[in-house]
Amino acid sequence: MPRTLFDKIWDAHVVEVMEDGTAVLYIDRHLVHEVTSPQAFEGLALAGRRVRRPDATLAVADHNVPTEDRAHGIAEPESALQVATLVANVEAFGVPYIPVTDRRQGIVHIIGPELGVSLPGMTIVCGDSHTSTHGALGSLAFGIGTSEVEHVLATQTLLQKPAKNMLVRVEGALPAGCTAKDIILAIIGQIGTAGGTGHVIEYAGSTIRALDMAGRMTVCNMSIEAGARAGLIAPDDVTFDYVRGRPSAPQGEALERAIEYWRTLPSDPGAHYDSLVEIDAASLVPMVSWGTNPEAVVPITGCAPDPAAERDPARRALLERMISYMDLTPGQKMAGTKIDVVFIGSCTNGRIEDLRAAASVARGRKVAPGVRALVVPGSGLVKAQAESEGLDRVFLDAGFEWREAGCSMCLGMNPDKLTPGQRCASTSNRNFEGRQGPAGRTHLLSPSMAAAAAVTGALVDVRELV
Amino acid sequence: MQPFTTLTGIAASLPEQNIDTDKIIPARFLKTIKRTGLGKNLFDTLRYDESGAERPDFVLNQPAFRHAEILLAGENFGCGSSREHAPWALLDFGIRCIIAPSFADIFHGNCFKNGILPIVLPADICAALQDDATLGGNARLSIDLSRQVIIRPNGEEIAFEVDEFRKHCLLNGLDDIGQTMQLIPAIDHYEARLAASHDWMPGVMVG
Ligand code: SF4
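Quick note, the sequences are listed as chains A and B, same order.
Note that this note's numbering has the first sequence beginning at 4, numbered continuously upward.
Note that this note's numbering has the second sequence beginning at 2, numbered continuously upward.
Bound conformation, chain B alone (with noise of 0.2 Å):
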């Protein structure tokens, strides 16, 4: 996983509630087996018309916000599915940082896993933001992962909250599952009293 340190971007401002993983990335697109590829389908509906061609006023098809890497998006932003192919949709066109009122659980924790920074911040900061947003190239916004702010184009610095063991996984790029991987005796451990315990709990028998 690439780390996530620092980051200086556009931001692009789409403030709709409720954008679920389906708008993200629709079913038809989740036939891959790679993680990659995804961007070009990113908000497929929202970003294409019907013959293919681009909407000229979704934000993303804007000269100003085409290399967009932070999405300043509305409330419970991706729920629905747990399909990961929605943050790797997103980190294949760029974006590498999303904030937002609220997000939905799954699609929160999945960010944290792909290198993608999800900040939670409260509807009138991030109103804010989207203002700061509509300068385009004009104005980007900074992001510093380990002092936890945001900077703002105008130099004025906004707090964020971040969970302790993803930013360290975030700044370091670790993956969960080389730490968890040094937990074996633990688990070792615990199934083997588990199989004492409940030594009714069958395997799973399709043979």
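Bound conformation, chain A alone (with noise of 0.2 Å):
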């Protein structure tokens, strides 16, 4: 029987299926950072267990880390207890882990791709959501809660039922100033942020196969946005160009046999899907959000949504709080809404080809009076590469601030936070209520979008700057 992508993972992972059908679940690599792991370590070492493969496993610290100077450590006293938190659990449990002061260090999503931790074909975990991020190298990668990451931990094993498998396929030349953002951002606002619950995403098409490496990694990032447990894309030579040379991936004659592996991978002819959803690229536009979740997108060229429009009186009362809470008129235009801040990165856009992006914009242009613009690369590699390609002097000639790798402005929990009130345009993945500090705006976009409010003090359509 023609089977998907994800059914050949899925099947090459199952150690044993259950009665009821629950599957135990073989996991190759298990991501590890500071938030949804001290009570794991807690449980682990109550019950007198041990980490069962250490050698599967990286640890790292991202969300609490400050992005300034790191030579002060952390002065926030619950966020220093937490990484050293993890520190202590690390070198009890003999854990591979990468320090706060490393030049390695960065997002969890940003550095498994980037070391050679995560590869093609495997099931990756992390306790964190946005593990979906790793499926762009054509693996299965899901974010698990913190009991899930103790039994990790302790059996290198999940019990899981299969999802249901979900085609989105994009055909077509990308527009000029679309990006992968615009991808992810338009599927989300046609599938809604519920669209994919109990399905595994495999993205396709010819728009999916022409995008990079950073590409494929934005778009499934966003799947949970829409309520996926994971984004698939099928591994081929863009994958294999990209893993080859990565610290911990295969070298020499062991990689060329892993590729011959991960070559079986992609959805035979005529594999099933439970449902189909098609894009046509050519009809995309540079997207932004104007709500409070990720569905609630619209083109650049559009405008915020009147709720004395909507029938429905519980979409209509959801529409007014979102017009409110983001301080919009109903109708109102989204280009030139002035904006306070703007965020570049997290581990949706923070590697080097989305600098690159917003660094394109910004060469030659001032970040517009009053606004506070910061760049925050994903990875102190990706810091590293920046600045020998000179980008650090482009965001700062033109007067963004130039940050240590870390999850900084996505959400607050760490000294980079909006203040109540503030408007930002961020190139992050969620624009909950709250989400990048409490009472602040956010308005979802791609890094070139960011940059090009950043520049004009409003929401932008970038086209009209390039």
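Hints are not guaranteed to be accurate.
The list that follows gives simulated cross-link-like pairs (lysine-lysine, DSS-like), each with its CA atoms no further than 25 Å apart [what the hints assert, rightly or not]:
#1 A:K164 / A:K11
#2 A:K420 / A:K369
#3 A:K420 / B:K41
#4 A:K167 / B:K168
#5 B:K168 / A:K164
#6 A:K341 / A:K369
#7 A:K341 / A:K420
#8 A:K11 / A:K167
Reference listing, derived: stretches of chain A covered by chain B, where coverage requires no fewer than 3 residues with Cβ under 8 Å from a Cβ of chain B [said to hold, decoys possible]:
#9 83-90
#10 98-111
#11 151-157
Derived from the structure by calculation, the hints contain no laboratory data.
Nothing here was measured: the structure is a model prediction, and the numbers come from that model.
Note that the Cβ used here is the ideal one computed from N, Cα and C, for glycine as well.
Dock the two chains into a complex; use the hints.
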């Protein structure tokens, strides 16, 4: 029977199936960060258990770390304790760890692929919903809760039921000004934040094939924003070229044998999908979110909705709440909306390709008066690469802040936060109320759109600047 | 894990759609290294105003619902992050059962691991239960997990579905790890096979 990419990875990792269909699924890679792991290690210690496969585990602190000079450590006591707890745990349990001061430190979903820890065909988990990012390599990667983190630490397996398969096919050339971020925002706008619930989404079609790995990771990253457990893209030569030479990837002859296996993974012709979504790339326009969930998006040429036009009372109440929280007026044009802060970074758009895209808009321009603009590389290695290309100078000359790697202003857990009422153009993935700081307002968009907003001081169609 | 067998309690209604995990427990409260103590910040921004004072109109601040053990939620409840702090906060407040038309996947799974029963029912039935809930302390809902029924204040029974394995774990207060540990020989066997067929796969190297 023809099988999908998901089916093949799943089948290859089933240790045992229980009577009711729950599978014991083997996990190849387990990424660990400081926020969702302390209680798991505590549970392990209390039960006198060990980490079954430290060599399949990698820990890093990213959410709490300040993105300024690291020499002073972490000022905030609770954040400091959480990171210190991770350090104590990795030492006690012998788990590989990248220290906060190491140049390879960064956001867990950036460094996994970057270091070759995440590879095609693998099952990859992390106590973090954006683990879906790693699916861009053609691996089954998904977020888990802390109880499951403990389960994987102890047994290197998870108890899972198979997901349904959804195929999202995007065909055609991307129009000027559009990026992977616009593709995924448009998809979520179309299928909704619960559209992928119970599914793993496989992204396919000529537009997806033409994306580089950074773009593919941006797309898979936000699968969770469509409610899907994971996103997947079939591995191909773009993937193999990306993997080649990375420190934890197989090398030489071993890599060739790995590639031989990875080439068997793409979905078979005629494989069954439970649902199909088709997107015509030619119809895409740079996107921006107007509301407080990621399906509340419109093209930058569009307007915030008018709740009065909505028939369903529950839906109308939701639109009203979002419009009011975002301090927009019904029907307001998105372009021209003044912003206070710009955040370029996160596991969605913190890779070198994202910084290059933003820099190409920022080059030779100035951040608008009164706007605070942050550029936060996704990892220390991304930062070093950007500096070797002179991108730091481009940003600094334009008046952007150039910071150390971490989650930064993607969520309000470290010193980089919005203050109440501030409006932010952000390349991150969630625009929930208070996500970037209490009472902060978030507009999700691509790195080039964010840079364009920084230099004009308002949401703007990046196509007008290039 | 505390077993879940039967529960009779006050139900509070929070019918808004897409209540995300940042609403259930905002990121700034995730800095704890414990599972307990999060209840006071459950629904923090919905529950308290900027000065930290309770918002009197929020359901869990109303005298009749302060001791609610059942939450009647809206569609796609728990969407967003994988943070288990969300069920921990609900549990710490005293919520043991959530009834909604739909849940986000990870949150749904996380509930079971913490002795919270999430029940999916059609929207019209959820709406009827929300009507019951307006009676507050004057009307309690009962949930019988082994029979898979909810008993309304008028005595009417509503059946619900639950995954067999998860039901077994909840009824007996079993955590998954203990059970999976019994399968170690099978896991050993799988690993041996993997080492042979995927001998190209190196371990994590960050020396
Ligand atoms: S960058 Fe944002 S979404 Fe990504 S792991 Fe960090 S906090 Fe989560």
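Here is what the structure says about each hint:
1. Straight-line distance between C-alpha atoms of A:K164 and A:K11 comes to about 15 Å, which keeps the hinted pair within the 25 Å bound.
2. For the hint pairing A:K420 with A:K369, the CA-to-CA distance comes to about 23 Å; that is within 25 Å, so the pair holds.
3. For the given pair, A:K420 sits about 23 Å from B:K41 by alpha-carbon distance, which is consistent with the 25 Å threshold.
4. With a C-alpha separation of about 22 Å, the suggested pair A:K167 and B:K168 falls inside the 25 Å cut-off, and the hint holds.
5. Between B:K168 and A:K164 the CA atoms are separated by roughly 15 Å; this keeps the pair inside 25 Å, and the hint holds.
6. Using a Cα cut-off of 25 Å, the hinted pair A:K341 and A:K369 holds, with the two alpha carbons roughly 16 Å apart.
7. For the given pair, A:K341 sits about 18 Å from A:K420 by alpha-carbon distance, which is consistent with the 25 Å threshold.
8. Annotation: proposed proximity of A:K11 to A:K167 holds, straight-line Cα distance about 13 Å (limit 25 Å).
9. Given a C-beta distance limit of less than 8 Å, the hint that chain B covers the segment 83-90 of chain A holds, as 3 residues qualify and 3 suffice.
10. With 4 residues carrying a beta carbon less than 8 Å from a beta carbon of chain B, the segment 98-111 of chain A meets the three-residue requirement, and the given coverage holds.
11. For the segment 151-157 of chain A, the stated coverage by chain B is satisfied: 4 residues place a CB nearer than 8 Å to a CB of that chain, which reaches the threshold of 3.
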